[in-house]
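S.K.: Protein sequences, first through last, are from chains A and B.
For the first sequence, position 33 matches number 33 in the working numbering, and the numbering has no gaps at all.
Every number in the working numbering is 1000 more than the matching position in the second sequence, counting from 1.
Any given hint could turn out to be false.
[Claimed, not checked] A short, non-exhaustive set of chain A residues, derived as facing chain B with CB atoms under 10 Å: (1) Leu35; (2) Pro51; (3) Leu126; (4) Pro143; (5) Ser151; (6) Leu192; (7) Gly194; (8) Ser207.
I should point out that these hints are in silico values taken from the structure, not numbers from a laboratory.
The model shown is predicted, which means the values in this text are computed figures rather than measured ones.
No residue lacks a Cβ here, since even glycine has one placed at the ideal position from N, Cα and C.
Number of protein chains: 2
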Amino acid sequence: MQPKTASENLTSLGRYPERGHYDFETIAEILDAGLVCHVGVAAGEQPIVMPTIYGRIGSNLYLHGSPVARWLKGAASGANVCVTVSIIDALVLARSAYQHSLNYRSVVILGAAENVHDEPEKVDALRAIVEHVCRGRWEDVRPPTSGELKSTLVLRMPIVEASAKIRTGPPSDFDFDMQHSAWAGLIPLQTLRGAPIADPQLDAGISIPEYCLQERTLQ
Amino acid sequence: MQPKTASENLTSLGRYPERGHYDFETIAEILDAGLVCHVGVAAGEQPIVMPTIYGRIGSNLYLHGSPVARWLKGAASGANVCVTVSIIDALVLARSAYQHSLNYRSVVILGAAENVHDEPEKVDALRAIVEHVCRGRWEDVRPPTSGELKSTLVLRMPIVEASAKIRTGPPSDFDFDMQHSAWAGLIPLQTLRGAPIADPQLDAGISIPEYCLQERTLQ
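Chain A extracted, bound-state conformation (with noise of 0.2 Å):
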């Protein structure tokens, strides 16, 4: 699936082209990799940016929340938002302060969400975000009950004005400034996960699951 009118719209970019992508997959895997996303909508002629898991089911990223949560149900109100998706790979040390950069992998979709409403839809929605920030544990969690989907707010964003726009490589140094005497290089940057902390109050027969002690985080 290619986003519809990316070339034209907001989601072009206007700097740095060649870090731009547009094609599906290539925003899928970022949208995969990142763990939180950040939600900007506007509260009159202030944008609210808000930090909020999500999960992705095929062309939707989905998001959740409280109803009463003040920035959510700005996004639930039909209004455009945007969901900004970044993972950040490296810090790029330069001779020069000016070409310090990062290298990232980033992922912004424009438009509006969608206010979902059917039980079953909602109930994949949180499935797919409960295993999109820790795979397996769905299974192992007790699910939602009627009461508790009514009381949460489930948003269905289509993943179709989007792009992606990735750095990599070593930094990109002026000719002039090659003989400077500074390191130049990378500091590639991981987000891991440490050992599993047990609930003070867990039973002392309930072993950690496999599924918690991958070293490595989804990024």
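Could you slot chain B onto chain A? The hints should help.
M.R.: Structure of chain B alone, referenced to chain A:
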């Protein structure tokens, strides 16, 4: 410094008010611990959220970028923006799907950013940004020329209308779920630096500086 009118404005917390913090020290600590922020600007009726690095000097947060970057031009226009910094500390695995959560520290700053024209303040801001990302780096780099300063937009965001939100601790399960057989607890997350990767064009005589070898990121 106390945020001006936090209890009456958009930065006040509607949900989980016990997670809210409005004291400057808490806010500054989270800003200093984060790596990137997500900046929300309005492009007409479409909010746009972009990740970018930042630096803090006292009660000002500084952002920078190219004067042709559309989101930054939007932020420089005097319109209200939102700067959000989020650090995810742990996955919170509860017994019910409903009570799953994250442990996190986040800061939201609202208001208008100011375009910095003064050259010494611009240099100070860029130093703060580079040092925020990699402490110790500024002394080694070729500093910005006057021309580079002119082609860099620097914005000052006063940390005034701001709030922090923090979740810590184990899952908060309902009493009636405590006998459920699922493992419950925290999976801590940490962003770590890997071994530095030298620029392929680096002079072989230049060794890796000490400040590149700190294992843990600022987070």
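S.K.: Does each hint fit the structure? Answer for all of them.
M.R.: Against the structure, the hints come out as follows:
1. Restraint check, Leu35 (chain A) versus chain B: the minimum CB separation of about 6 Å is within 10 Å; hint holds.
2. For Pro51 (chain A), the suggested interface contact is upheld, since its CB lies about 4 Å from the closest CB of chain B, less than 10 Å.
3. For Leu126 (chain A), the interface hint holds, since its Cβ comes within 10 Å of a Cβ in chain B; the closest pair sits about 6 Å apart.
4. With a cut of 10 Å, the hint placing Pro143 (chain A) at the interface with chain B holds, because the nearest CB-to-CB distance is about 6 Å.
5. With its C-beta approaching chain B no nearer than about 9 Å, Ser151 (chain A) sits inside the 10 Å limit, and its interface hint holds.
6. For Leu192 (chain A), the interface hint holds, the least distance from its beta-carbon to any beta-carbon of chain B being 6 Å, beneath 10 Å.
7. With a cut of 10 Å, the hint placing Gly194 (chain A) at the interface with chain B holds, because the nearest CB-to-CB distance is about 4 Å.
8. The interface hint given for Ser207 (chain A) is met, as the beta carbon of that residue sits about 7 Å from the closest beta carbon of chain B, less than 10 Å.
Going down the numbered hints, you'll see the structure goes against none, and every one checks out.
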